[in-house]
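Please dock the two separately framed chains into a single complex, following the hints provided.
For the record, the sequence lines run as chains A and B. For the first sequence, the numbering used here assigns the number 1 to the initial residue and increments by one for each residue that follows. For the second sequence, the numbering used here assigns the number 1001 to the initial residue and increments by one for each residue that follows.
No lab work stands behind these hints, which were simulated from the structure alone. Careful: at least some of the hints might be erroneous.
[Said to hold, decoys possible] Not close to chain B: a few residues of chain A, all C-beta gaps over 10 Å, as computed:
1) E62
2) M96
3) F131
4) Y142
5) T146
6) A147
[To be verified] Coverage of chain A stretches by chain B, computed from C-beta distances (three or more under 8 Å per stretch; other residues unrestricted):
7) 9 to 21
8) 38 to 50
9) 173 to 182
[Stated by the list, open to error] Label-pair restraints from in silico Cβ distances:
10) A:K14 <-> B:H1033: 35 to 41 Å
11) A:A154 <-> B:L1097: 45 to 51 Å
12) B:F1005 <-> A:H97: 35 to 41 Å
13) A:P69 <-> B:R1035: 38 to 44 Å
Think of the CB as a built atom: it goes at the ideal place given N, C-alpha and C, for glycine as much as any other residue.
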Amino acid sequence: MTSRSVQEFFEGVKSSAPVVIASAPFGILFGVVAVQNGLSIGEAALMSATVFAGASQLVGLELFGQSIPAWIVVLSIFAVNFRHVLYSAALSRHVMHWTPVKRAMGFFFLTDPQFGEAERRSNGEGKGLTFSWYLGMALPIYVFWTAEGAVGAAFGNLIPDPHKIGLDFLLPIYFLGLVMDFRDRPLWLPIVAMSSVASVIAYNTVGSPWHVSIGAIAGVLLAAAIVPVRKGVSQ
Amino acid sequence: MTATFWIIIAGAVVTYLTRVGGHLVLSRFERIHPRVEAGLNAVPAAVLTTLVAPAATTGGVAEWAALAVAGFVALRGNLIVMVASGAAVLILLRNTL
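So here's chain B without its partners, still in its complex pose (with noise of 0.2 Å):
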């Protein structure tokens, strides 16, 4: 076997074990202190929005009002018509500014 299929290998495990890795220590607390939960509770909000916003700062006209129109179809519609709208306004906007 190559060096390559190695790394990949231990790449896949160093992946599975962060994946994992969490549970693994939280499954040996019988009971979660109010400030881990309301930690725990907000990971989904802050894990996700760092995925956005340096995105957001580094793009121009056409990807902030992808994401403003798509952030404001969130409010009502659900994620494949979001994503489209956002999606559209993106191609319409790239292809003619």
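With the rest of the complex left out, here is chain A (with noise of 0.2 Å):
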């Protein structure tokens, strides 16, 4: 490694700070609930090293309890990560420079905050996006989620209420800094009205995780349909 790509990894480490503190609750919460359900501690470190995806992981507990057969496990899974299909289709302009191992391995670690700050420093900040700051905030939420699911499997039952220590809000208030965050890209005020509404629509009738694809592509088409277009003119 040169040491620019030493700098761009450490930089990366930096950004997974927070994230590592918001989503430790989760990786914690996670394990506790496995074993409740009836997955060893090493069922429960293996989903969380090969998943990688919190919500979809407790979704996938609260089913493997019921006698309910394996592929709608499978297919309930996929539904709620669904959201990174937009996530991997929006990246995927940022990293055609990366080898093709470094992409099929880059998008593994594709999560929510990864994509959120991967963009964020894809486009605002100008630096471009390197795989070594890429990694650098990848490896430590990774390390952690999994080290996590087992302590919570392990432990669980030494956790304090996280209901009064806030724990169980801490990701929608980093998300929402997420949100922010892209407050200067063309319309965003007109993308996030409607995938609020239409989120909290889906949430209260079709219901969770539904909710999360129909708010986004709600949001996507809308931007798709009100941006200027000239004719043979691509940016």
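Next comes the structure, spelled out in structure tokens:
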């Protein structure tokens, strides 16, 4: 590694800090719920290490305990994670200079905060997206997440009331911060308004987890529909 | 291997497919239509908003206050300051209200 990529790596590590803190309660919570639903400590850690997507892991657990066909459990995990298709397509434009192996590896680590920070770094600050930075952000999140699954499974009963100390609401606060970070982008306010309304309506009618995909697609379609398109001109 | 093991592995595979799928589709196109481009630029705000809005509407005064303060701090401070101030308001109100 050159000194430049070492520097990039550690800038990525720095970006991971708020995510590691905000997601820790969920990493541990997953482990706690996993053993309550009959998983072993090893299976809890395996799920965190291979699926690496909090909400879908909890949904999977909820279905494990019941007598539900395996394919429905897998389909539910897919449904919760469907939003990553949009992340993947959007980030695609910024990683074409990576080798195919680096891309295949990088997309494994594409969590919500990883995407938010990577998008911000690709456009906003004009530095371009390096694999070193990306990995510097991804690895601490991944290592802590997997370890927290195992710790939660092993010591589940020692956690104090997570509601009292506000742990359950840290991620929405963090995600609001990421939303705010994109406020300089064109059409930001109409997109946020559209996705808010659509996701709340979907949440109360169709139900979770579909409100995420429905709300997101509503915002994306709005942006695609109202962008001024001049014939034959592309940016 | 148990059924649980295989469900976990299958869940991991479909999750990876969602994470690489958008890229595999998009990388087949040399040019991106401006409307697709605009849609892709909207992805961060659109998706991340859906992770906040329903949580906000189902919350109470403590949650609203935390989001309001955090949203205001986000105009100036960095993410850590913002999460910390939102969490401080939340903890304070949940333990006093």
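Against the structure, the hints:
1. E62: The assertion about A:E62 holds, with a minimum of 13 Å to chain B.
2. M96: violated, 7 Å
3. F131: It holds; A:F131 is separated from chain B by about 14 Å at its closest Cβ, greater than 10 Å.
4. Y142: holds, 13 Å
5. T146: Consistent with the label, A:T146 stays out of reach of chain B, its closest Cβ about 12 Å off (over 10 Å).
6. A147: Label holds. Min Cβ-Cβ 17 Å, cutoff 10 Å.
7. 9 to 21: Coverage by chain B holds here, the residue count being 3 at a Cβ distance below 8 Å.
8. 38 to 50: With 6 residues closer than 8 Å to chain B, the stretch 38 to 50 of chain A meets the three-residue bar; holds.
9. 173 to 182: holds (count 10)
10. A:K14 <-> B:H1033: 35 to 41 Å: holds, 36 Å
11. A:A154 <-> B:L1097: 45 to 51 Å: violated, 35 Å
12. B:F1005 <-> A:H97: 35 to 41 Å: Since the Cβ atoms of B:F1005 and A:H97 sit about 38 Å apart, the hinted range of 35 to 41 Å holds.
13. A:P69 <-> B:R1035: 38 to 44 Å: holds, 40 Å
Checked against the numbered hints given earlier, the structure breaks hints 2 and 11 and satisfies all the rest.
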